[in-house]
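Here is how the chains run, residue by residue.
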Amino acid sequence: MGTDAMREKDISRLLTDEYAERILVATQANPRSVQEISDKHDIPIAACYRKIHELENAGFLRCAEIVTTPKGKTMKLYRSLLKSAQLVYEEGVFRVKFEFDYDKDINGKWIELNGARTA
Amino acid sequence: MGFESVENGGSVSPENDGMNPLQASQLLTDEYSAKILLATYKRRISAQEISLRYGIPIAACYRKIRTLEEAGLITCVDRILTQKGKRKNLYTSCLKNAYIFFENGRLRARFQLATGAVRDFGGDWNGVDLLKQ
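These protein sequence lines map, in sequence, to chains A and B.
Sequential numbering from 5 applies to the first sequence in the numbering used here.
Sequential numbering from 54 applies to the second sequence in the numbering used here.
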């Protein structure tokens, strides 16, 4: 249970990471390439790749399409899978709730993080 | 990315310190900040003690306390004299509730302080049923 709580905490931190947040916003409506996100949202390209992989591993992003550029290079387009997220702090307890575009075990469930009572 | 701090309602405090919703929510999701908020919840505690109990490096602990204090989320309630004659600040949390919502590609944050003041970041909270669970 402890490790689970940590995982959710990591996820909620990922959400408020500046680059991660920009990437999630950028890929909300349409699939975008890493290069495009990096250019448009002013994220250094290496950091952009790293964050995108982090978000992909955490189930926040998915490679929606692989396109071939005119130069013959293949390029992955990513789309956000996160519909909504809520972090609530009440009476000394942190809780998070996520809603994803696909079936995920934590969809719509309030997850209690370590609170003042247990910490 | 162009987030505007929007104030609504009568009880909103005048200044938002120019924080955007992302910065505001980072006050809660940063590991050390979250620990400090929990440590000071309904308690008066010194930086030293927080550092020891929650495993936060002392310099980082002082720095985060300063940040939280400037944001109005914790406050120094007492300066006591230690046995060695040193002054020690005791802090307590002023944060009653906090809500951070990410929806439709937008991030919003709301802090409710113990004083009853409400601070909103990132736009309109009207009509949001916070307690719909």
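Incorrect hints may appear among the rest.
Straight line, CA to CA, 27 Å or less: simulated DSS-like cross-link-like pairs of lysine-lysine [stated by the list, open to error]: (1) B:LYS95 - B:LYS139; (2) B:LYS88 - B:LYS149; (3) A:LYS101 - A:LYS87; (4) B:LYS88 - A:LYS101; (5) A:LYS44 - A:LYS87; (6) A:LYS44 - A:LYS80; (7) A:LYS113 - A:LYS80; (8) A:LYS113 - B:LYS149; (9) B:LYS95 - A:LYS101; (10) A:LYS108 - A:LYS87; (11) A:LYS101 - B:LYS139; (12) A:LYS113 - B:LYS88.
I should point out that these hints are in silico values taken from the structure, not numbers from a laboratory.
Hint-by-hint comparison with the structure:
1. B:LYS95 - B:LYS139: 24 Å, holds
2. B:LYS88 - B:LYS149: OK: LYS88 (chain B) and LYS149 (chain B) at ~15 Å, within 27 Å.
3. A:LYS101 - A:LYS87: 11 Å, holds
4. B:LYS88 - A:LYS101: 20 Å, holds
5. A:LYS44 - A:LYS87: 22 Å, holds
6. A:LYS44 - A:LYS80: 16 Å, holds
7. A:LYS113 - A:LYS80: 31 Å, violated
8. A:LYS113 - B:LYS149: 23 Å, holds
9. B:LYS95 - A:LYS101: 25 Å, holds
10. A:LYS108 - A:LYS87: Between LYS108 (chain A) and LYS87 (chain A) the Cα gap is close to 12 Å, so the pair holds against 27 Å.
11. A:LYS101 - B:LYS139: At roughly 44 Å apart (the allowed maximum being 27 Å), LYS139 (chain B) and LYS101 (chain A) break the hint.
12. A:LYS113 - B:LYS88: 23 Å, holds
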